[in-house]
Amino acid sequence: PSLLILNGDCLDNVFQYFTLDELMIILGKVHPFIDDAIQRQLHRFRDFEFSMRFPPQYNIDQLQTLGEHLRSLNVNVGYSTRSEDVLKLLCPLLVGAECSGRLQALKIQHTNFTGNYVAIIRPVVSTLRELDLSRCDIEDHSQLMTLLHSAVKLETLALYNKDMDCVDESVLNRLPSLKINWLVGTTLFNVSEVSRRHPLLHIKVYQSDNVDVYGP
Numbered sequence: 001p002s003l004l005i006l007n008g009d010c011l012d013n014v015f016q017y018f019t020l021d022e023l024m025i026i027l028g029k030v031h032p033f034i035d036d037a038i039q040r041q042l043h044r045f046r047d048f049e050f051s052m053r054f055p056p057q058y059n060i061d062q063l064q065t066l067g068e069h070l071r072s073l074n075v076n077v078g079y080s081t082r083s084e085d086v087l088k089l090l091c092p093l094l095v096g097a098e099c100s101g102r103l104q105a106l107k108i109q110h111t112n113f114t115g116n117y118v119a120i121i122r123p124v125v126s127t128l129r130e131l132d133l134s135r136c137d138i139e140d141h142s143q144l145m146t147l148l149h150s151a152v153k154l155e156t157l158a159l160y161n162k163d164m165d166c167v168d169e170s171v172l173n174r175l176p177s178l179k180i181n182w183l184v185g186t187t188l189f190n191v192s193e194v195s196r197r198h199p200l201l202h203i204k205v206y207q208s209d210n211v212d213v214y215g216p
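Residue 1 is where the sequence shown starts when you use full-length UniProt numbering, and the numbers rise one by one after that.
With a cut-off of at most 27 angstroms between alpha-carbon atoms, the simulated BS3-like pairs for lysine-lysine come out as follows:
no.	residue 1	residue 2
1	107	204
2	153	179
3	153	107
4	179	107
5	88	107
6	162	204
7	204	153
8	179	204
9	162	179
10	107	162
11	88	29
With beta-carbon atoms standing in for the labels, derived distance ranges:
no.	residue 1	residue 2	range
12	170	33	43 to 53 angstroms
13	196	137	21 to 31 angstroms
14	185	47	27 to 37 angstroms
15	31	183	45 to 55 angstroms
16	197	80	31 to 41 angstroms
Worth flagging that the hints you see were computed from the coordinates, not collected in a lab. Yeah, the Cβ is synthetic: ideal placement off N, Cα and C, and Gly gets one too.
The whole structure should be built from the sequences, with the hints applied where relevant.
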């Protein structure tokens, strides 16, 4: 209640020193006037990343509100994590991101990338400029291609080398940048041939500490 004594400018001066966790303790708990002041701070956290080892302890409404302010989202899932545990966090974040249309970069790591992921990403994929799935196991390549066909603003795509076979020419034709995570012990696709067919495509191939660059 004491916070309600302060005007908007004073609240801005106070909340600018709060961490995201501290702001979320208050968001939705006091008064809409306070919520408005907290939302004015959320741009500070527009590049949000978390690991499922230490997932954010926010409720659905708080996650959706945060999602409305996101410019980039990086989630380290972990193969031992149940998909429903990460999806219940990702879903409201991406619902919020869909409402605002601000999300430009999405990175999901160390998980089996199933149709459930595709379903919740599809509504925001049209705003993405960067999509990084280079540390995911893609379960259904046809669903991935459906997603990529809707990613009309995509500038950078990152994938495992084993998933490159599914990427068709129509996607490569409009893509400025391609990043490949080359798994040790697997066969690399013919990068030189892809580069020849798409001379404007900038390709980086990562293997351990080595990086090979093709194209402009």
